[in-house]
Amino acid sequence: MIFDIEVKISLKDGMLNPEATTIERSLDLLGYEVKNTKTVEIIKFQIDGEDREVIRENVVDMCERLLCNPVIHNYKINVIPQNMACGK
Amino acid sequence: MTKIGVIRFPGTNCDRDVARAIELVGLEAEYVWWSNEDLTDFDGVVIPGGFSYGDYLRAGAMASITPVIDGIKALVKEEKPVLGICNGAQILGEIGLVPGIFITNENPKFNCEWVDLKVSNTRTPFTKDFKKGQTVKIPIAHAEGRFYTEDIDLLKDQDQIVLQFKDKNPNGSMEAITSVCDESGLVCAMMPHPERACEEILGSVDGLNFFKGFI
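Protein chains in written order, with our numbering: chain A, 1 to 88; chain B, 89 to 303.
In short, the hints are calculated from the structure, not lab data. Values in this document were obtained by computation on a predicted structure and should not be read as measured data. Heads up, the beta-carbon is just placed ideally off N, CA and C, and yes, glycines get one too. Hints may contain errors.
[Said to hold, decoys possible] Covered stretches of chain A, as calculated for chain B (at least 3 residues, CB under 8 Å):
id	segment
1	9-22
2	64-73
[Unchecked claim] Once the Cα atoms are required to be at most 27 Å apart in a straight line, the calculated DSSO-like pairs of lysine-lysine come out as:
id	chain 1	residue 1	chain 2	residue 2
3	A	Lys38	B	Lys197
4	B	Lys244	A	Lys8
5	B	Lys300	A	Lys12
6	A	Lys12	A	Lys38
7	B	Lys91	A	Lys12
[As the list claims (entries may be wrong)] Which residues of chain B face chain A? A few of them, derived with a C-beta cut under 7 Å, are:
id	residue
8	Ile153
9	Ile189
10	Thr192
11	Pro196
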């Protein structure tokens with residue numbers, strides 16, 4: 001079965017996010033008043049497998065070894081069987 | 089003759105400057121491609137600056153899982169010196185050979201300028217020829233050099249802070265730190281570029297001592 005994987009990577013709370021700060025300042029220049037701007041990175045890929053939990057454990061491994069740096073990042077993992085994806 | 093490996097990844101761009109600096113202090117430099125896992129011929133290595141793998145994911149993230157990293161870890165076990173400069177420093181942070189990580193500057197621009205640095209630690213081979221507290225002039229050139237660690241007190245207790253910005257903190261680094269070492273002092277990560285301060289014509293020779301650390 002094909003699983004759609006989505007890894008959402010964000011900076012830990014309290015970490016300075018210069019990109020978000022710059023976006024917020026630029027929105028302000030356009031006249032939009034927003035606050036608490038944050039940026040997240042989403043990495044998507046597919047895995048062919050059977051056991052959803054085994055796949056999730058594999059993706060956790062990927063996050064810890066490459067996709068994230070645990071010193072500064074939090075991550076959320078979505079494992080969605082393809083036939084259950086929205087609109088299919 | 090003492091032979092120092094200069095590690096090359098796709099996107100490394102300070103390798104030839106580093107090799108020249110190594111030769112200026114009378115040592116032999118040899119380039120090492122990222123796929124080489126066996127570094128037993130070398131008496132030490134430098135991981136030079138640049139933009140390995142286009143800085144994808146995070147600066148140094150891709151390089152941190154290449155075979156040459158296993159070779160570098162083996163050298164560290166043999167207590168041979170390892171110096172990571174700029175992107176090399178980011179890679180050493182990514183693989184956890186030094187504490188902390190270098191992330192996007194507080195003001196997210198590429199900072200390329202000469203800076204005055206305070207030598208905070210002279211127990212590493214690379215800073216042994218300086219006096220503690222001495223000021224050295226070496227340029228920086230990075231957009232991701234803001235030092236961050238979860239446990240700054242541990243770093244102080246274990247005397248792992250090597251260089252700190254003097255007078256101003258151009259990237260918002262924690263406690264103005266721009267170079268740290270491992271517990272032994274043999275592995276040193278620094279954002280400033282000592283290889284760009286090795287000849288009078290460049291404006292400073294303060295960088296030479298870092299390479300003399302391999303002698």
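Q: Below or equal to 27 Å on CA atoms is what counts here, so check Lys38/A against Lys197/B.
A: OK: Lys38/A and Lys197/B at ~19 Å, within 27 Å.
(Q) Lys244/B and Lys8/A were given as a pair; does the straight-line alpha-carbon distance stay at or below 27 Å? (A) Cα-Cα ~34 Å, so violated.
Q. Under the criterion that the straight-line Cα-Cα distance not exceed 27 Å, is the pair Lys300/B, Lys12/A satisfied?
A. 40 Å, violated
Q. Counting residues of the segment 64-73 of chain A with a beta carbon closer than 8 Å to any beta carbon of chain B, are there 3 or more?
A. holds (count 6)
Q: Have a go at the Ile153/B hint: is there a Cβ in chain A nearer than 7 Å to its own Cβ?
A: Hint on Ile153/B: holds, closest Cβ of chain A at ~6 Å, below 7 Å.
Q. Can the restraint linking Lys12/A and Lys38/A be considered satisfied, given a maximum Cα separation of 27 Å?
A. 11 Å, holds
(Q) Interface hint check: Pro196/B, Cβ to nearest Cβ on chain A, cutoff 7 Å. Holds or violated? (A) 4 Å, holds
Q.
Restraint: Thr192/B near chain A, CB-CB cut 7 Å. Satisfied or not?
A. For Thr192/B, the interface hint holds, since the closest Cβ of chain A sits about 5 Å away, which is under 7 Å.
Q | chain B over the segment 9-22 of chain A, status - at least 3 residues with CB closer than 8 Å | A | With 5 residues closer than 8 Å to chain B, the segment 9-22 of chain A meets the three-residue bar; holds.
**Q.** Proposed interface contact between Ile189/B and chain A, which counts if any beta carbon pair is under 7 Å
**A.** 5 Å, holds
Q: For the pair supplied as a hint, Lys91/B and Lys12/A, confirm whether the alpha-carbon distance does not exceed 27 Å.
A: 42 Å, violated
The structure fails to meet hints 4, 5, 7 from the earlier list, while all remaining hints are met.
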